[in-house]
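Trainee: Here is what each chain is made of, one letter per residue.
Number of protein chains: 2
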Amino acid sequence: MKEAQRRVAEGILFTDFYQLTMAQLYYRTGLHEKTVQFDHFFRDYPDYGAHKAGYCVNAGLEWLLDWMAEAHLTADDIEYLRGQRGRTGERLFADDFLRWLGANGTFDGLTLHAIPEGRVVHPNVPLTVVQGPMVPAQLLETSLLNHLNYQTLIATKAARMHFSGRGRLLLEFGVRRGHDRGANAGTRAALIGGADFSSNVGISRVLGYPPKGTHAHSMVQVFMALGMGELGAFRAYADLYPDDCLLLVDTIDTLGSGIPNAITVFEELRRKGHEPVGIRLDSGDLAYLSIQAAKMLNDAGFPNTTIVLSNNLDELVIWQIITQIRDEAPRWGLDADHLIKQLAFGAGTRLITSWGEPALGGVYKLVAVCDNGRWVPAIKLSDSPDKTPNPGHKRVWRVYDERGKATADLLSLEDEDPRAADRLVLRHPSDHTKYRALPRQEVSEIEPLLVEVLREGRLVYDLPTIEDMRALRRADTERLDPGVQRLVNPHIYHVSLTQALWDLKQSLIDSAVAQSQ
Amino acid sequence: MKEAQRRVAEGILFTDFYQLTMAQLYYRTGLHEKTVQFDHFFRDYPDYGAHKAGYCVNAGLEWLLDWMAEAHLTADDIEYLRGQRGRTGERLFADDFLRWLGANGTFDGLTLHAIPEGRVVHPNVPLTVVQGPMVPAQLLETSLLNHLNYQTLIATKAARMHFSGRGRLLLEFGVRRGHDRGANAGTRAALIGGADFSSNVGISRVLGYPPKGTHAHSMVQVFMALGMGELGAFRAYADLYPDDCLLLVDTIDTLGSGIPNAITVFEELRRKGHEPVGIRLDSGDLAYLSIQAAKMLNDAGFPNTTIVLSNNLDELVIWQIITQIRDEAPRWGLDADHLIKQLAFGAGTRLITSWGEPALGGVYKLVAVCDNGRWVPAIKLSDSPDKTPNPGHKRVWRVYDERGKATADLLSLEDEDPRAADRLVLRHPSDHTKYRALPRQEVSEIEPLLVEVLREGRLVYDLPTIEDMRALRRADTERLDPGVQRLVNPHIYHVSLTQALWDLKQSLIDSAVAQSQ
Chain D
54 MKEAQRRVAE GILFTDFYQL TMAQLYYRTG LHEKTVQFDH FFRDYPDYGA
104 HKAGYCVNAG LEWLLDWMAE AHLTADDIEY LRGQRGRTGE RLFADDFLRW
154 LGANGTFDGL TLHAIPEGRV VHPNVPLTVV QGPMVPAQLL ETSLLNHLNY
204 QTLIATKAAR MHFSGRGRLL LEFGVRRGHD RGANAGTRAA LIGGADFSSN
254 VGISRVLGYP PKGTHAHSMV QVFMALGMGE LGAFRAYADL YPDDCLLLVD
304 TIDTLGSGIP NAITVFEELR RKGHEPVGIR LDSGDLAYLS IQAAKMLNDA
354 GFPNTTIVLS NNLDELVIWQ IITQIRDEAP RWGLDADHLI KQLAFGAGTR
404 LITSWGEPAL GGVYKLVAVC DNGRWVPAIK LSDSPDKTPN PGHKRVWRVY
454 DERGKATADL LSLEDEDPRA ADRLVLRHPS DHTKYRALPR QEVSEIEPLL
504 VEVLREGRLV YDLPTIEDMR ALRRADTERL DPGVQRLVNP HIYHVSLTQA
554 LWDLKQSLID SAVAQSQ
Chain H
54 MKEAQRRVAE GILFTDFYQL TMAQLYYRTG LHEKTVQFDH FFRDYPDYGA
104 HKAGYCVNAG LEWLLDWMAE AHLTADDIEY LRGQRGRTGE RLFADDFLRW
154 LGANGTFDGL TLHAIPEGRV VHPNVPLTVV QGPMVPAQLL ETSLLNHLNY
204 QTLIATKAAR MHFSGRGRLL LEFGVRRGHD RGANAGTRAA LIGGADFSSN
254 VGISRVLGYP PKGTHAHSMV QVFMALGMGE LGAFRAYADL YPDDCLLLVD
304 TIDTLGSGIP NAITVFEELR RKGHEPVGIR LDSGDLAYLS IQAAKMLNDA
354 GFPNTTIVLS NNLDELVIWQ IITQIRDEAP RWGLDADHLI KQLAFGAGTR
404 LITSWGEPAL GGVYKLVAVC DNGRWVPAIK LSDSPDKTPN PGHKRVWRVY
454 DERGKATADL LSLEDEDPRA ADRLVLRHPS DHTKYRALPR QEVSEIEPLL
504 VEVLREGRLV YDLPTIEDMR ALRRADTERL DPGVQRLVNP HIYHVSLTQA
554 LWDLKQSLID SAVAQSQ
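If you read the sequences in order, they're chains D and H.
If you count the first sequence from 1, you need to add 53 to reach the numbering used here.
If you count the second sequence from 1, you need to add 53 to reach the numbering used here.
Do not rely on the hints blindly, as some may be mistaken.
Treat identical chains as interchangeable: a pair holds within one or across any two.
As a list, the in silico DSBU-like pairs of lysine-lysine whose alpha-carbon atoms are at most 35 Å apart [stated by the list, open to error]:
1) K440 / K348
2) K105 / K440
3) K325 / K87
4) K394 / K440
5) K87 / K55
6) K458 / K440
7) K487 / K105
8) K394 / K325
9) K55 / K105
10) K394 / K458
11) K440 / K487
12) K394 / K105
13) K440 / K87
14) K325 / K348
The set of hints was computed from the structure by calculation and includes no laboratory data.
Here the structure is a predicted model, which means the values were calculated and not measured.
Excised from the complex, chain D in its bound form (with noise of 0.2 Å):
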């Protein structure tokens, strides 16, 4: 695509075409500047298949806000839907309505809620509130959805990766496997959900992130074909690099001939005065070549090499090779403890694309509107009473156990305050038979998840650095109870209503089916 032509793109019409033929209805129906709120949140945690998330880390709300500082409607983009026209050759869009979505499509006139990105976050929960003029804020689902689902995803295959990895160095390579320029923002997720460094310069740039990489097995191919060999590769690039040298040893045969090679040339590297940096595995059984790589370097006086693994690593194949390491090393007459400090993971395609899971379900529900300056609950119904969302203007809590542990999030109405009752009771949001009384005492901590972000569209938030949502991403984790953190089969994490929320939510779907029938 052209730069122009992505300006057009990636502008305000970056949008399902669904959004301006309602925004004409509502603005023919004179509902087009009725206040209304929707909550965007997620129905369930990411399903890899075989595994499951637990917990998902919440992503994506800076560069949303980017795109609604800078989207708007030109008169082209105006002229270009005064020529949509329906099936019987009728225009589409009629000139008053289009002047007054001239005048009025921008994101001015929201306000927004949200959780912090970094933060730990569970299903049915609202992450971003959006308060404001019914069109606008109509307009904004399409956008808002493509910006937070996807950070989300990776933030959260990364925090997986990164468990699953002990934290031992994490890089995101995946930006040949992204989807198009979706890699960049999935290398931004998977910063702050736990990958360290990336291979992906650009985003690294503008992220003020180093970014890291070494060199291909084309790079010893070329060599190769031109009669220097793999060693003559290796030399080159220890000659150019000599306190950065770490070196790809699987082109032509991991043990039979890139690490001897590597021991060569980090020899020669020593006796210059420089430290070798390590070696990488890019194919193979990466658990048995990673001990026998660590044999051969330990052997050869070089213990605490760095030993990056890659290749189609996720977190299920980085708990494996670990786990393989910890039974087998050992009895090569190796540390296994130190063997796994030594290593470092790259991940690539499994990540950028959340392997076995490449979208999240993340929503945009239409839960109150105001009519005659009094807020009115909206409701969906839905076949399965789990996804009915839940209703009206409410405040999020996180509880924490007298561990300090999260035990539940808890959704309330607007003017409730739990932290001042003597007895919580947390309600499931759609089994009746479901509920869990908690005496105060037992409750360490509550806590409102949402922040005020935009106040009728001006900024009224500190945006956090990349590494501030980092830190709470960490500090969120560590308050999971260890049962949620697992990979496989975690614990289910309760989110639950107040009972007054629940009997708004329960009066809303009675009145809905009466009106139903």
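The hints should help you fit chain H onto chain D, whose structure is shown.
Mentor: Quick look at chain H alone, frame taken from chain D:
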């Protein structure tokens, strides 16, 4: 991301860092201007878990060319690279290299051959062939793969959904679940592969397609919250769009409320001289609800309305719905073929993310280096023989049998022309026991697939329109054997080598193995 940051992150620095560290190594060792050839190909069809593709549809080239034409290193980029430091604090990139890179860091010298977008393609066949000086050819890798992997993946998924939907209207609805801006590339690829229209306004505009869409659940909810009910919402919609009235009928209760209300509005429309378009079903058992909806609409005198189905559709779900309608519709007194002709499909998440396999494993491999005017083929060994790339300059041919069906893709040496041979020998790329001999009279056509696109950076190719690409895709899928088109367990299409190319590959493998001893 802000617009100014986007220009940094999506320009020439949209690459992996190792491309730059290798560039300096080539510069330092005098290899930077050596002419080389890289082949881009994928190794296997997308494997969706329960099913697997038997062919792919090539896509993404034009956007890669756009990127290549606009990407160049700015003085600012050079300053950024000057600031990169290694682990002991020394600068990674030297001034002389950066001066040379600043003057030579464009793709102006590259020659590129490619298989056109929209064509059916197969594993291990070069889809894109890049020749030119080492540094720009290497530097192109990351962005080339990013552009081509994703669009080919999605064009393939769309072709499968188009096939399983019996060619009924296929609408792409996925922008909210796409990977950030990658959604636009996905829409383009879906249109090439088999989607007819998209809901995504901006990219539809850029590509010259009218965007499609009607209304969301939220519109019905607003009317309900304000006491005007679903019927009020439908009436307002029909008043505004009398000739384009397609109603979403599952906000409350599809059969109990949505369809009866839609019929009421349709009857009112008809009395005013307008024909309704149809309904959309977005939840529940879509096969059952299609049948019941069609029956109710038939009985009310609307036997030809469109029934749009959406909600997590993919090729297997569509196949199941159509199969079930075929089985069940007659028991409800309906003509199944007629009902199937009423259907249209809205595909969101599972199309835009290629559900089941969210990445295509396309790679970019060095296959030849020009040394003192002589081309030297390059090889990279692999533990699995089928992963060893086919070396050297090659031509790509498609061989059609007596029925006019494609029977194999054949890779030959540059100077071979199988059209001149009496008898074709098709060798399996890695298994020496497998080959096939075809007498020339059993072959109806031998077609070269690669076209010249860039000659030393200059465009020498008439870029086809999306409609041209769609026509290529239709023609190519019609010439596939039905077994290859199967959704589940497709026949394996043959990708073969000529005897001469097979001999070259073997001799290179032998000498690489000898070098590594």
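Trainee: Now look at each hint and say whether the structure bears it out.
Mentor: Each hint tested on the structure:
Taking CA atoms no more than 35 Å apart as the test, K440 paired with K348 passes between copies only; the shortest distance there is 28 Å, against 54 Å inside one copy. Taking CA atoms no more than 35 Å apart as the test, K105 paired with K440 passes in both settings, with 19 Å inside one copy and 32 Å between copies. Within a single copy, K325 and K87 get their C-alpha atoms only as close as 74 Å, which misses the 35 Å cut-off; across copies the closest is 30 Å, which meets it. For the homomeric pair K394 and K440, the shortest alpha-carbon distance between copies (32 Å) is at most 35 Å, but the shortest distance inside one copy (44 Å) is not.
Taking the closest pair of Cα atoms, K87 and K55 come within 35 Å of each other only across two copies (30 Å); inside a single copy the shortest separation is 39 Å, beyond that limit. Within a single copy, K458 and K440 get their C-alpha atoms as close as 28 Å, which meets the 35 Å cut-off; across copies the closest is 49 Å, which misses it. In this homomeric assembly, K487 and K105 come within 35 Å of each other (Cα to Cα) only inside a single copy, at 23 Å, whereas the closest approach across copies is 43 Å. Taking identical chains as interchangeable, the C-alpha atoms of K394 and K325 lie at most 35 Å apart only when both belong to the same chain, with a minimum of 27 Å there against 77 Å between chains.
Taking the shortest alpha-carbon separations for K55 and K105, only the inter-copy value of 34 Å comes in at or below 35 Å, while the best intra-copy value is 39 Å. Taking the shortest Cα distances, K394 and K458 sit within 35 Å of each other inside one copy (28 Å), while across copies they are farther apart (56 Å). Proximity of K440 to K487 under the C-alpha cut-off of 35 Å is restricted to the intra-copy arrangement: shortest distance 17 Å within a copy versus 54 Å between copies. In this homomeric assembly, K394 and K105 come within 35 Å of each other (Cα to Cα) only inside a single copy, at 27 Å, whereas the closest approach across copies is 39 Å.
Within a single copy, K440 and K87 get their C-alpha atoms as close as 26 Å, which meets the 35 Å cut-off; across copies the closest is 61 Å, which misses it. Taking the shortest alpha-carbon separations for K325 and K348, only the intra-copy value of 24 Å comes in at or below 35 Å, while the best inter-copy value is 85 Å.
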